[in-house]
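There are 2 protein chains.
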Amino acid sequence: MASLGDIGVAAAINILSVFAFFVAFAILRLQPFNDRVYFPKWYLKGLRSCPVHSGAFVHKFVNLDYRSYISFLNWMPSALKMPEPELINHAGLDSAVYLRIYLLGLKLFVPITLIAFTVLVPVNWTNDTLEHSHVTFNDIDRLSISNIPTGSKRFWTHIVLAYVFTFWTCYVLHKEYGLVESMRLHFLSSEQRRPDQFTVLVRNVPPDPDETVSELVEHFFLVNHPDHYLTHQVVYNANELADLVKEKKKMQNWLDYYQLKYSRNQSKRPRMKTGLLGFFGDEVDAIDFYTSEMEKISEEIEAERERIISNPKSIMPAAFVSFKSRWGAAVSAQTQQSRDPTMWLTEWAPEPRDVYWHNLAVPFVTLTIRRLIIAVAFFFLTFFFMIPIAFVQSLANITGIEKAAPFLKPVIEVHAIKAFIQGFLPGIVLKIFLILLPTILMIMSKIEGFISISYLERRSASRYYLFKLVNVFLGSIVTGTAFEQLHSFSHEPANNIPKTIGVSIPMKATFFITYIMIDGWAGVAGEIIRLKPLIIFHLKNFFMVKTEKDREEAMDPGSLGFNTGEPQIQFYFLLGLVYAVVTPILLPFVVVFFCLAYVVFRHQIINVYNQEYESAAAFWPDVHGRIIAALIISQLLLMGLLSTKQAAQSTPFLIVLPVLTIWFHRFCKSRFEPAFVRYPLKEAMMKDTLERTRERNLNLKEYLQNAYLHPVFKSGEDEDSDRVSAEWGQSSLVPTKRQSRMNTLLPGRFSGSSSPLLPEDIPEQD
Amino acid sequence: MASLGDIGVAAAINILSVFAFFVAFAILRLQPFNDRVYFPKWYLKGLRSCPVHSGAFVHKFVNLDYRSYISFLNWMPSALKMPEPELINHAGLDSAVYLRIYLLGLKLFVPITLIAFTVLVPVNWTNDTLEHSHVTFNDIDRLSISNIPTGSKRFWTHIVLAYVFTFWTCYVLHKEYGLVESMRLHFLSSEQRRPDQFTVLVRNVPPDPDETVSELVEHFFLVNHPDHYLTHQVVYNANELADLVKEKKKMQNWLDYYQLKYSRNQSKRPRMKTGLLGFFGDEVDAIDFYTSEMEKISEEIEAERERIISNPKSIMPAAFVSFKSRWGAAVSAQTQQSRDPTMWLTEWAPEPRDVYWHNLAVPFVTLTIRRLIIAVAFFFLTFFFMIPIAFVQSLANITGIEKAAPFLKPVIEVHAIKAFIQGFLPGIVLKIFLILLPTILMIMSKIEGFISISYLERRSASRYYLFKLVNVFLGSIVTGTAFEQLHSFSHEPANNIPKTIGVSIPMKATFFITYIMIDGWAGVAGEIIRLKPLIIFHLKNFFMVKTEKDREEAMDPGSLGFNTGEPQIQFYFLLGLVYAVVTPILLPFVVVFFCLAYVVFRHQIINVYNQEYESAAAFWPDVHGRIIAALIISQLLLMGLLSTKQAAQSTPFLIVLPVLTIWFHRFCKSRFEPAFVRYPLKEAMMKDTLERTRERNLNLKEYLQNAYLHPVFKSGEDEDSDRVSAEWGQSSLVPTKRQSRMNTLLPGRFSGSSSPLLPEDIPEQD
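Each protein sequence line maps, in turn, to chains A and B.
Using full-length UniProt numbering, read the first sequence as starting at 1 and increasing by one per residue.
Using full-length UniProt numbering, read the second sequence as starting at 1 and increasing by one per residue.
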């Protein structure tokens with residue numbers, strides 16, 4: 001176990017490495033050839049089209065202006081400078097509220113740290129239990145609850161502080177929930193007109209022998225919402241078409257490339273080989289080849305499109321139904337339509353770009369079965385994931401490889417290689433699994449049949465958190481695999497579980513401090529340097545980028561990744577709350593994490609990430625719920641710990657805390673959650689009335705007509721904008737771009753150097 | 001422990017006593033002077049006004065027609081004869097569906113009994129484990145799972161049967177849920193126009209300094225539901241007024257009595273004393289006195305009414321809002337109105353007679369606090385109710401009484417009296433508590449602030465079931481008080497709990513068989529004879545009934561008592577399911593209970609009970625859920641039992657069952673429950689359209705204007721119908737009466753003796 005000094009050294013090393021990362025970032029960032037890696041958001045928003053390089057210099061790739069390197073940390077204040085409303089306009093409410101989670105961490109833990117250090121540390125330190133005992137101990141332990149003698153009256157301090165921390169947490173959570181709620185409502189009410197405000201997704205349209213799905217939907221809503229129904233759009237099963245369109249896009253890209261090549265060098269028409277990877281097969285004229293291929297595939301696409309539209313089997317029993325007013329849509333989304341609650345299911349349509357088209361037609365009965373299967377699968381994944389991994393590990397040992405590939409024997413038997421295989425291979429198998437885990441969880445969520453990407457991410461996030469809770473938190477505290485824990489816990493008295501875990505809590509403090517520094521601090525510093533995207537971008541740029549469009553694709557920064565990011569933050573909430581009373585020395589590390597992460601992610605959100613969708617902070621109830629769960633876990637563990645300290649009379653005082661916390665959660669749920677699920681009619685009516693007076697001649701039908709057409713169909717309708725809508729994930733960027741330009745800032749504001757929005761640290765003056 | 005023979009003797013005795021009850025019932029029922037006790041429903045429906053006595057005989061009180069006594073059981077077929085649709089018309093859907101719970105018990109347990117007896121009994125009987133062991137045992141045990149040697153392969157029979165029974169239970173439950181759902185929907189769609197179809201209750205109208213609640217409500221709904229809002233009715237706090245009206249009614253009754261007396265004997269004006277109970281004080285002319293008193297109180301009522309209407313403080317922040325169409329009301333009830341989900345809360349208005357007026361104005365924050373308090377209180381009531389009872393018992397012992405009242409000492413010291421006090425007093429205290437328990441639970445539900453009587457009853461029912469589960473079921477199986485169990489269970493491994501209970505299950509079979517016979521069989525037989533109402537009616541009729549109205553009140557049969565009745569049935573479901581695999585000999589006793597209860601309650605529902613409200617079987621999800629809970633309990637206990645029998649390999653097979661059952665429950669919940677909570681727009685629209693075409697000139701506003709006026713105000717509006725609306729519970733009968741006459745049968749049909757609806761066993765012919 002590390003002493004306080006050891007921890008100090010480790011912290012110093014980690015701080016230094018974080019600084020090293022920052023310096024590296026400062027240098028890399030200022031090189032114009034990295035501009036598309038570190039500021040892709042500005043390109044995507046159309047506010048920048050080439051790196052801002054100094055005057056007419058040749059340094060197109062390297063920045064030689066020494067002044068710009070001096071203040072290498074000035075991206076931090078500039079990241080913090082953008083006010084929240086502008087941040088919302090710039091990056092969306094989701095991102096702005098996501099940042100508030102880090103801020104919440106600071107609000108929560110800074111006062112807790114202060115109180116804990118002024119009250120708890122002296123109380124713990126001024127004992128000498130550990131000195132008189134014969135256990136090995138260190139300074140960390142002297143600062144923790146372990147230093148209090150059993151049965152001491154001093155435990156009352158801890159109990160009182162548990163109350164104080166609980167009330168503070170609840171207070172902060174309550175305030176934050178209210179704030180996020182009002183931000184969401186304000187955001188929704190000040191938003192521009194969007195198709196999803198008028199549209200409802202209807203699923204499980206019952207089959208009818210006489211009418212098509214389209215007719216059926218129209219009749220149903222004309223009858224049951226006569227004053228409000230406007231139009232609808234059926235959902236096609238267009239997965240094959242999507243593949244073809246993707247193919248066509250790729251060819252278009254090659255064609256562009258060769259035409260560009262030809263236009264530069266008119267003397268020679270470019271030639272290519274038709275076979276594998278362009279290395280084999282007949283050599284043909286490239287432009288002619290791709291032109292004819294393009295024609296062929298265009299015909300195929302047309303045929304497939306015809307087939308889909310004419311074939312009733314490719315029409316799914318679902319439709320996007322649009323209404324004349326937001327009020328009508330709100331009513332339809334919140335009510336039950338038909339007798340049979342499994343038919344004519346209505347719900348708010350997600351944003352067009354948020355729709356996960358693949359899941360639109362899963363029938364109701366399958367849904368519950370799918371969820372049962374996935375629930376069971378997730379249970380096994382959480383508790384038994386070590387079994388297949390151990391199996392793979394056993395295969396991947398020396399003798400296994402020798403058996404499978406005897407010819408490798410001489411190589412493997414070399415000492416260094418043998419050591420490497422034996423030492424690293426098992427670890428790598430586990431690591432690969434952990435890297436793949438979020439993807440696995442995402443696939444599980446997709447199988448469950450949810451229809452919006454935002455919901456899929458939220459679902460995966462909660463699963464990921466559970467996995468981390470069981471396998472990282474409990475797994476580190478109690479030795480043995482999760483399955484062994486499960487087995488032993490089910491054979492233990494129920495009230496022994498918090499005891500067993502609670503007792504180990506103080507002993508694991510140093511481990512978690514190290515964990516916070518390596519996973520938290522270094523992870524965040526690694527985030528800002530974007531090493532993987534940096535390398536990939538340059539590799540792509542060097543080898544694969546043929547056209548401007550390719551470069552744009554190579555630049556694609558992706559979105560924030562709620563499904564992996566949020567569970568990570570939650571883990572620090574859990575650690576902070578659990579250790580707040582037990583070992584307060586851990587708290588500053590958590591606070592530093594939240595500080596760093598807040599600044600870094602604010603910078604990344606402003607400059608890098610590009611959200612795929614906008615859910616208007618629909619994830620907040622999940623965030624709130626998980627912090628509450630962490631709070632309850634911390635209370636139960638404290639109860640377990642104190643009951644072993646012969647402070648048994650404390651149990652009745654501590655049992656009140658989880659009861660109060662659960663009640664608080666239920667209160668918050670009924671007070672705030674509806675704002676994240678439903679759309680109040682009053683708000684809808686207000687927006688409708690306002691719009692009606694402002695725009696009297698609005699042709700809403702035209703506006704909504706094709707909003708929810710499957711993206712692959714759109715490409716057919718305006719042939720020349722193939723590029724825009726070819727792949728739907730890509731196409732979805734377009735409306736945003738337009739929208740955000742519309743309601744945020746004029747591009748002109750960005751070009752002025754005085755604007756606070758401009759990343760000021762880029763050397764603009766010579 | 002009783003042997004099979006003992007049980008047989010006990011069963012014979014119980015069957016005989018049940019027959020004795022039936023004979024007593026047959027005799028009592030045919031006496032014309034008991035007619036109002038055994039057939040009050042026909043009086044209340046206005047289909048009978050005086051006992052049907054034979055011709056012009058003098059036997060107005062005693063039936064001397066020997067023929068009518070011969071077939072003393074013929075009330076049974078006649079109770080079963082009424083077809084279900086007519087039963088629904090006659091007694092309402094609630095009662096009809098309530099009977100289906102008994103029928104469900106039969107559907108469930110008759111096949112289970114048959115299978116268990118053909119398969120399990122031979123398998124259990126043909127072992128001799130118990131004979132070779134040195135434990136005392138009896139025939140019952142030989143028939144049970146105890147007779148199988150540990151580790152035997154025969155346990156597979158039990159596991160397979162556990163699967164069979166689970167699937168059968170789920171199948172029956174699923175079918176029944178579907179059936180009840182369609183009955184409910186059919187009932188709702190074929191119903192006559194009712195105010196609650198158009199009305200929504202709005203609560204938590206936010207305070208406004210400029211507008212009254214009434215104006216505020218009107219403006220809000222005119223703005224947000226402009227095409228649908230029709231009218232509204234604010235809610236007054238009229239509890240004092242209600243008291244005054246009650247007082248007036250009592251005086252009116254006395255006045256009627258004296259006037260009747262005077263009209264019979266014109267020679268002497270009746271006189272009375274004004275003091276206590278009419279025994280003390282000045283003697284005055286009774287008619288004059290009550291006439292003047294009536295005038296006084298009428299003035300008071302008028303003043304109070306004025307005060308309530310004019311004083312804004314007596315207007316609660318709630319209102320019943322009525323809409324032009326069912327569609328509008330359905331929309332308003334199912335949507336959120338304002339940003340703040342704690343304001344403008346809308347929900348379907350209960351039927352006017354189902355409203356619990358007292359709870360209409362509980363603010364939202366109080367609600368969650370109240371529920372927290374009640375939840376904690378219920379926890380303590382369930383687990384610690386023995387503590388105050390033991391305390392009272394300790395007070396009520398000999399020395400305690402001697403101390404409190406030393407002068408009683410000589411009396412108490414008499415041997416017989418002492419024995420009585422020591423033997424019975426403690427038991428009586430417990431018994432009184434148990435009798436009061438449903439009332440206590442009802443008061444708890446009322447404190448929680450629910451606004452309809454039907455919901456209060458459902459809430460109390462689920463609490464009562466929980467109490468019975470913990471204190472009767474577990475309390476009988478595991479010795480010790482509930483608190484001791486709680487304590488020991490929390491100190492035991494989680495998977496030991498089903499083991500501990502499971503092992504005791506077979507040993508308690510004889511106890512529960514006796515319980516079924518005494519509580520179930522005899523209870524049901526006692527139900528039909530209605531001993532308490534019979535005695536009370538005759539006492540009242542003899543001593544207190546002054547006027548015809550008094551007689552009607554004395555006759556009041558009350559309603560079915562869902563809050564006590566349903567938990568009792570559920571207890572038999574639990575016993576049946578738990579013992580189905582373990583000790584199948586218990587099953588016939590359960591089947592007999594369900595048979596008897598079905599017939600008896602069908603008779604009672606047809607002839608006696610008068611439902612206070614009609615919730616259209618809104619309780620079915622509760623019933624379904626509790627049977628599922630019983631099924632899961634039975635599966636867990638079987639798992640625990642088998643794991644001690646060294647049939648450990650059985651656990652993985654058995655753990656699948658609760659998982660599947662929970663999944664089945666969730667499936668049913670999403671498939672069927674919405675029909676019990678929401679009102680589909682399609683149905684609303686259909687009814688609206690139909691009504692609009694049928695009745696073009698309907699003045700809906702007039703119809704709805706005063707539907708939700710507090711009952712005490714109605715009495716003021718039509719002074720001459722005071723009697724009808726004086727007390728609201730009473731007044732509520734009127735609309736039903738009219739309604740059911742309207743849409744059921746013509747009274748003429750009842751008078752014909754050939755009608756199947758007529759209780760034929762009443763001697764109509766001489």
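Because the hints were derived from the structure by calculation, they are not lab data.
Don't take every hint at face value.
Given that identical chains are not distinguished, each listed pair holds provided it fits within a single copy or across any two copies.
[Unchecked claim] No farther apart than 30 Å at their CA atoms in a straight line, the calculated lysine-lysine pairs in the DSBU-like style are these:
no., residue 1, residue 2
1, Lys313, Lys248
2, Lys701, Lys324
3, Lys313, Lys682
4, Lys687, Lys324
5, Lys418, Lys669
These are the hints, each one checked on the structure:
1. Lys313 / Lys248: Intra 25 Å, inter 73 Å, cutoff 30 Å: intra-copy only.
2. Lys701 / Lys324: Answer is both; intra-copy 8 Å and inter-copy 29 Å each pass.
3. Lys313 / Lys682: The answer is between: 27 Å across copies meets 30 Å, while 41 Å in one copy does not.
4. Lys687 / Lys324: both (13 Å within a copy, 24 Å between copies)
5. Lys418 / Lys669: Neither: 57 Å inside a copy, 58 Å across copies.
Against the hints set out earlier in the document, a violation occurs for number 5 only.
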